[in-house]
Amino acid sequence: MANWNQSIRLENLEQILDQFEYQLKKQTSLEGLAELRREYLGKKSEINQALRGLGNASLEERKSYGQKINQIKDQMIRLAADREKELASQTTDWGRLDLSAPLGKSNQPKARLHPISNILLEITELAGKLGYRVTDGPEVETDWYNFTALNMDEDHPARDGWDTFYLDQYHEGKQMLARTHTSPVQIRYLENNQLPIKVLVPGKVYRNEDEDSTHLWNFYQLEGLVVDRGVSMADLRGAIQSILMELLDDQIETRLRPSFFPFTEPSVEIDVKYQGQWLELAGGGMVHPKILENQGIDPDIYQGFAFGFGLDRIAAVKYGVEDVRYFWRPDYRFLTQRFVR
Amino acid sequence: MRVSLAQINQYLDKKLTTSQLEQAFAKTEVEVEEIIVAEELDVKVVVAEIVEASPIDGSDKLQVCRLKIDSDSSELIDVVCGAANARAGIRVAFAQAGTELPGGFKIAKRKIFGHQSNGMICGADELGLAKESSKIMELTGDNLILGQPISSILEEMVIFDLSLPSNRWDYFSIIGLAREVSVHTEARLKLPEIAQINPTIKSNLIRLEVDNQAELVAGVVLEIDPSIKSPDWLIESLLASGIRSINLAVDISNFIMIETGQPSHCFDYQKLQGQVEIRFAKPGEVLITLDNSQLELGDQDLILADQSGPISLAGVMGGLSSAVDQDTTQILLEMVSWNPATIRRQSFRHGLRSDASTHFEKGLPAELISELALARSIQIFKDLAQAELISSIEFDREIDWRAGSLKFDLTKVSRLLGVEVEFAQIKPGLEKLGLNYLKSKGQLEIPWWRTDLEDQAGLAEEVIKLVGLDQIPIKYDRIVNYPANPSSQLLIDSLGLRKELVARGLIEVLNYTLVSQLDLELSQADATEHLVVVNPVSITHKYFRADLLPGILINLTQMIRPDLDNQELGIFEIGNAFVKGQEGLIQSSKLAIGFSGQNSLVRAREELERLVANTSLSLLTKNIEGYQPNRAAKVVDQSAKNQTVGYIGQISQSRLEKLGVKDQEISILELDLGYYFQSLERDQKYYSPYPYQLTKRDLTLRIYGDSLEFAQIKLAIEKLDFVVDVRYLGDYYHQDSRALTLRVYLDASAQPDREIIDQYIDKIGTSIWEQFRVKIE
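Residue numbers (my numbering), protein chains in the order written: chain R, 30 to 370; chain E, 1147 to 1923.
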């Protein structure tokens, strides 16, 4: 007989171990497993031959190699046993289960974001993409920020365009009010920040008017303000177009119509064609030069645009909600549906 | 404002159709709210002339009218008619037999009082043009053809209901609208021929006694024939604008207002006592207005007065005592350019918003009187009322019209618009507007009727309207390279929190900010005083909410429905709440969460724990009105002297019953988000993984009295540096004490031996004994 370590080497045995493990995994029946056992662990298997071959080795070799070979053999036995358990359990039948049924507590509350929150989150995300900051301002405003600073002094008839809730709180002798639009934040932001400015302002606003399916006396508005050198109405149109593309879809078209707001000049109404229909959705214009001048900004050097629109209206259009009051009168069925972004 | 197509067409050299006018308005800031079209009329309703009208015996009203509907034929058609104004020589709308009128009324031949009637002569109501009319419609106009279907004439009676911008007083006049319309059509503005007037500078008729209240006061006395009635065209023209006819003098005054934009007032000159003066009222003075209401005047009210006292609230409404009536033969025509702010204030103060005051509050230039309205007014008085001037035309000052001008730099304007505009493109339009370019000065001449134009931006607006807004290209966003102007972190954080709470299984709700007194009673906020809306839509929405709890509570009671089997709900709202604090108004952003169903309080407490874990926010059990006894707590900031930042608790059964809820548990919690996010940021620590296994020990403490709570003990124990965590295991309440069991997690390094652990437990024991006089059992 040849010297044992010429025919059998430890590396070979480790390869045999790997091979055995691989074969075990491939084996899917208990019969096949028995076959493998015979091949790898039977009398004529290489591992047993190696053990028998040790008889010819020296005492020291027998000690060190014998231990290692036995370790490998033990491991093979264990692997085979594990696989046997696994195969055995897979064949145990636990009985029928109807996975088409929800199986848990079927009436668990279906948690959802409010559709307006969906829109607000989209706004913060698109702001990041388009390079806007996002901010807000107080809902209870002074007469000065809500009107006067926006080019509507106390006796300006344009004030009639905003039906206002007045409050029993005074600021510098003037009655405070529930802000009628997010535009006061234009002034607040201009006061506190450096040029250039690019900001979006979502927030709750109030109108003292009768409610119906398209009018609410409190609702969310989005204001946009951009002030920089060389800003034009083309930028305004692009800004509105890109924001509404993010909020509604890429297929929208915009159409501008002349309009009047005391705080922008020129002023425009922006109609949006969405799913084949023209909708009056937004208003805007170039920031009135007086407003820039009041903030110490030279309108010959810096120009700006501002725009605003109702987020409840956007949500209503986007989700086909026929009555905007649904947003504000919590109802289980309405609020637990998924409002897809 | 309402205006008919015919009215506009009257001031244009080419007649527009309804759709041409609509398209022209679309190019301006005039918004067409509604186009009111007469119902499509049967073509059998035609223009006819009454040739003869003879009364029927035995009837005091009916006449037999003989009509001609073809000028080339001598055939006459007999029709019985009961209208008082039916008479020979007028042209009328005749519905021939077989006609179907609006509303489905069919006209047939029939016998009336023994006379054959072959159709009907129509009133405006029968043609669907007016609600009520006792007269037949008299058709006027030079180009009426007998037999022509009325429907072809009526197109001009289409009425446009317009929404107009408040900065353009001139849009509130037909001439102003026609001028703007002409710019966007082929037509040119056609102003009526007006004879010049020669005013005298004096104040014999009306004396202005106050400063800064009028830019021009004009007056003239006219003698009129009181027997002349308003012609139909005048009545119809006023009706188209929604103004009813009163008498000829008042109708002329109103007509001038809608035609030119300038209101005026007619006093019965013979009813006046002495000279008229313009002054502020004296407290206690009273004016009985034209509509017979009594105004108590104050010293802020600008009035016209004679010797007898107030005769008109300036710019708003005249007085009854000097009103023109059917016997008036002399009128004082007053036309003033009032201070707009004064008129607006006094119309609001007295709750009287008249057509005149809405014109005046926009600010009318003195030139409107001197260049147009007064001359036009006198001319119409002469034409229609056979008026004669019996005084000189008085102006209180010289009005010297000089056009203003503004620098006009088309390059800059183009840049602002984002559109390259050539001057040739806009020149014709500018000229139609009266904005002539003064090339040598690089300026545009600004006529008196364009008081709104003040700067380049205003001119840019005119230019873009001429070019068309569809010319503005879409320029997509460029990311401005800007300095770090901040975003609102609170806004962004609270949006993130919404997502987190939804992921936890909570449904988001939104509530109105304005609430009722009853809602406020459910509130827990420490409001010194609530913020009140002084002009609420209804008493159920009179107050600003002081916190979100009432909303959440009521939402739950309404969202739970036995028919839906949804008793176990979790909802939340994030929004602002308002209180009047000692230092003024405070707006704070809040989160409220509500749970219904079994173990609602445990679920609320778990949710709160998840939110406040690893912050210095903690809880203090406290009995709170409206909550079950021993089932409510304040959320406090331990690092800020236990400042209250929220509440948690189970709503008491009695309160739920008041809300109509039975056999239901509801627990709610509220957090001030400003504080919450602050504490998250301040208290958040980031740890490495534990290098060694922790050692756990369970400790039971015997606590007497009920002032000491788990949170305080946990805080104290966790201050020891070898303590990693303290968890609540359970309680056993005895008569006089409580056995509280905790589990402490100790970091005893690589080789935790018994001795060290025992030392640690001793240290814990010493620490809580020293602080709370509580022993480990």
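Honestly, the hints are just simulated from the structure, not real lab data. There could be a bad hint or two in this list.
[Said to hold, decoys possible] Some chain E residues near chain R, calculated using beta-carbon distances under 10 Å:
id: 1; residue: Thr1174
id: 2; residue: Gly1293
id: 3; residue: Arg1491
id: 4; residue: Val1565
id: 5; residue: Phe1569
id: 6; residue: Asn1631
id: 7; residue: Thr1659
id: 8; residue: Ile1685
id: 9; residue: His1687
[Unchecked claim] According to the in silico footprint, chain E covers these stretches of chain R (three or more CB under 8 Å from chain E):
id: 10; stretch: 81-88
id: 11; stretch: 101-113
[As the list claims (entries may be wrong)] Subject to a maximum C-alpha distance of 20 Å in a straight line, what follows is the list of computed SDA-like cross-link-like pairs (lysine to any residue):
id: 12; chain 1: R; residue 1: Lys158; chain 2: E; residue 2: Gly1642
id: 13; chain 1: E; residue 1: Lys1257; chain 2: E; residue 2: Glu1198
id: 14; chain 1: E; residue 1: Lys1558; chain 2: R; residue 2: Asp327
id: 15; chain 1: R; residue 1: Lys319; chain 2: E; residue 2: Gln1602
id: 16; chain 1: R; residue 1: Lys233; chain 2: E; residue 2: Gly1642
id: 17; chain 1: R; residue 1: Lys233; chain 2: E; residue 2: Gly1820
id: 18; chain 1: R; residue 1: Lys203; chain 2: E; residue 2: Val1725
id: 19; chain 1: E; residue 1: Lys1173; chain 2: R; residue 2: Pro167
id: 20; chain 1: E; residue 1: Lys1688; chain 2: R; residue 2: Phe248
id: 21; chain 1: E; residue 1: Lys1621; chain 2: R; residue 2: Asp327
id: 22; chain 1: R; residue 1: Lys233; chain 2: E; residue 2: Lys1688
id: 23; chain 1: R; residue 1: Lys319; chain 2: E; residue 2: Lys1726
id: 24; chain 1: E; residue 1: Lys1860; chain 2: E; residue 2: Gly1820
id: 25; chain 1: E; residue 1: Lys1587; chain 2: E; residue 2: Gly1550
id: 26; chain 1: E; residue 1: Lys1645; chain 2: R; residue 2: Gly157
id: 27; chain 1: E; residue 1: Lys1645; chain 2: R; residue 2: Glu43
id: 28; chain 1: E; residue 1: Lys1688; chain 2: R; residue 2: Pro167
id: 29; chain 1: R; residue 1: Lys302; chain 2: E; residue 2: Val1725
id: 30; chain 1: E; residue 1: Lys1645; chain 2: R; residue 2: Phe363
id: 31; chain 1: E; residue 1: Lys1645; chain 2: R; residue 2: Thr153
id: 32; chain 1: E; residue 1: Lys1726; chain 2: R; residue 2: Asp327
id: 33; chain 1: E; residue 1: Lys1558; chain 2: R; residue 2: Gln52
id: 34; chain 1: E; residue 1: Lys1573; chain 2: E; residue 2: Glu1332
id: 35; chain 1: R; residue 1: Lys139; chain 2: E; residue 2: Gly1743
id: 36; chain 1: R; residue 1: Lys203; chain 2: E; residue 2: Lys1726
id: 37; chain 1: R; residue 1: Lys302; chain 2: E; residue 2: Gln1617
id: 38; chain 1: R; residue 1: Lys139; chain 2: E; residue 2: Leu1643
id: 39; chain 1: E; residue 1: Lys1173; chain 2: R; residue 2: Tyr355
id: 40; chain 1: E; residue 1: Lys1688; chain 2: R; residue 2: Thr171
Everything numeric in this text was worked out from a predicted model, so none of it was measured. Glycine included, each C-beta is placed from N, C-alpha and C at the ideal position.
Review point. If you check each hint against the structure, which ones fail?
Key: 2, 5, 8, 10, 11, 19, 21, 23, 24, 27, 29, 32, 33 and 39
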